[in-house]
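J.: Listed below are the residues making up each chain.
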Amino acid sequence: MGYTNVVVYNEGLPEWIKRGYPANLKQVYPKIEIPVVPAADLKAMIDRKENIFILDIRDEDDLKGGTIAGSRNIDLEVLDASLSKVPKGKKIVIVDLHGKQTMMAGRFLASKGYDNLVRLDGGFASGWLKEGLPIAK
Amino acid sequence: MKRAGYLLFVLWFCLLPLAARAQSSIPFITTDELKKIYDAKGDFLLINALSPIEYAEESIVGSVNIPYSSLKDGKGKLPENKAKKLVFYCKGPK
Numbered sequence: 001m002g003y004t005n006v007v008v009y010n011e012g013l014p015e016w017i018k019r020g021y022p023a024n025l026k027q028v029y030p031k032i033e034i035p036v037v038p039a040a041d042l043k044a045m046i047d048r049k050e051n052i053f054i055l056d057i058r059d060e061d062d063l064k065g066g067t068i069a070g071s072r073n074i075d076l077e078v079l080d081a082s083l084s085k086v087p088k089g090k091k092i093v094i095v096d097l098h099g100k101q102t103m104m105a106g107r108f109l110a111s112k113g114y115d116n117l118v119r120l121d122g123g124f125a126s127g128w129l130k131e132g133l134p135i136a137k
Numbered sequence: 001m002k003r004a005g006y007l008l009f010v011l012w013f014c015l016l017p018l019a020a021r022a023q024s025s026i027p028f029i030t031t032d033e034l035k036k037i038y039d040a041k042g043d044f045l046l047i048n049a050l051s052p053i054e055y056a057e058e059s060i061v062g063s064v065n066i067p068y069s070s071l072k073d074g075k076g077k078l079p080e081n082k083a084k085k086l087v088f089y090c091k092g093p094k
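For the protein sequence lines, the chains are R and D, in the order given.
Throughout the first sequence, residue numbering follows our numbering, covering 1 to 137 in sequence.
Throughout the second sequence, residue numbering follows our numbering, covering 1 to 94 in sequence.
Among the hints, a few may not be true.
To be verified - Here are the simulated lysine-lysine pairs, BS3-like style, with alpha carbons at most 30 Å apart:
#1 D/91 to R/31
#2 R/26 to D/36
#3 R/43 to R/100
#4 D/75 to R/26
#5 D/77 to R/64
#6 R/130 to D/72
#7 R/91 to D/91
#8 R/130 to R/43
#9 R/85 to D/75
#10 R/18 to D/84
#11 R/26 to D/91
#12 D/72 to R/26
#13 D/91 to D/72
#14 R/130 to R/90
#15 R/112 to D/72
#16 D/41 to R/18
#17 R/100 to D/35
#18 D/91 to R/137
#19 R/31 to R/88
#20 R/18 to D/91
#21 R/112 to D/77
#22 D/72 to D/84
#23 D/77 to R/100
#24 D/35 to R/18
#25 D/82 to D/36
#26 D/72 to R/85
#27 R/18 to R/112
Source of the hints: derived by calculation from the structure; they are not laboratory data.
Computed from a prediction, not measured in an experiment: that's the story for all the values here.
Between the sequences and the hints, there should be enough to build the whole structure, so can you do that?
T.: Structure below.
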């Protein structure tokens, strides 16, 4: 791309907000609690063949690290345009990389009428992988 | 292409834990440093690399939203001036 002066603000948005620096903070989606499910519990739900839809919101690069068998990938960046692929009437288990984006994704889904939502605790990397659970490619 | 790959790596890297960061030479800007150039209205573009869903609720005032995927596929609009300072941010370390 040719850009010569690129830096990353790695401490990121949470630190900026924590310090009270100028931020646009709006409540666009309902403020609801979305329970977390430990990775071992999700594995048990899969083994019991529960009627769940595992929604993996990671991007394609992160998927290279593996996936949960039976999950469906819809990158969070295109979720709004892909809602027709997310069924209503099933429990939706939201999976991200580290568990940092599932709350926002869930609240967004709640704003669209989804009411049976849970989040994978720690996401794929810090939850599922950390527990040594099987991965699919 | 080499620079494009570097830029994408920088973005990917901002999602990594602190331990991994310590082993890299990727340039970072601290909160204090960013606040300093922010207050001085320095010539830089502050870019939120998160999804539009997340950007809608939380962002730094004055930043623009260019999600990681749109940068990868070339749809994200970056400034023509290649020397302009670009500061990317997301949710921070794990």
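J.: Which earlier hints can't be squared with this structure?
T.: Those not satisfied: there are none.
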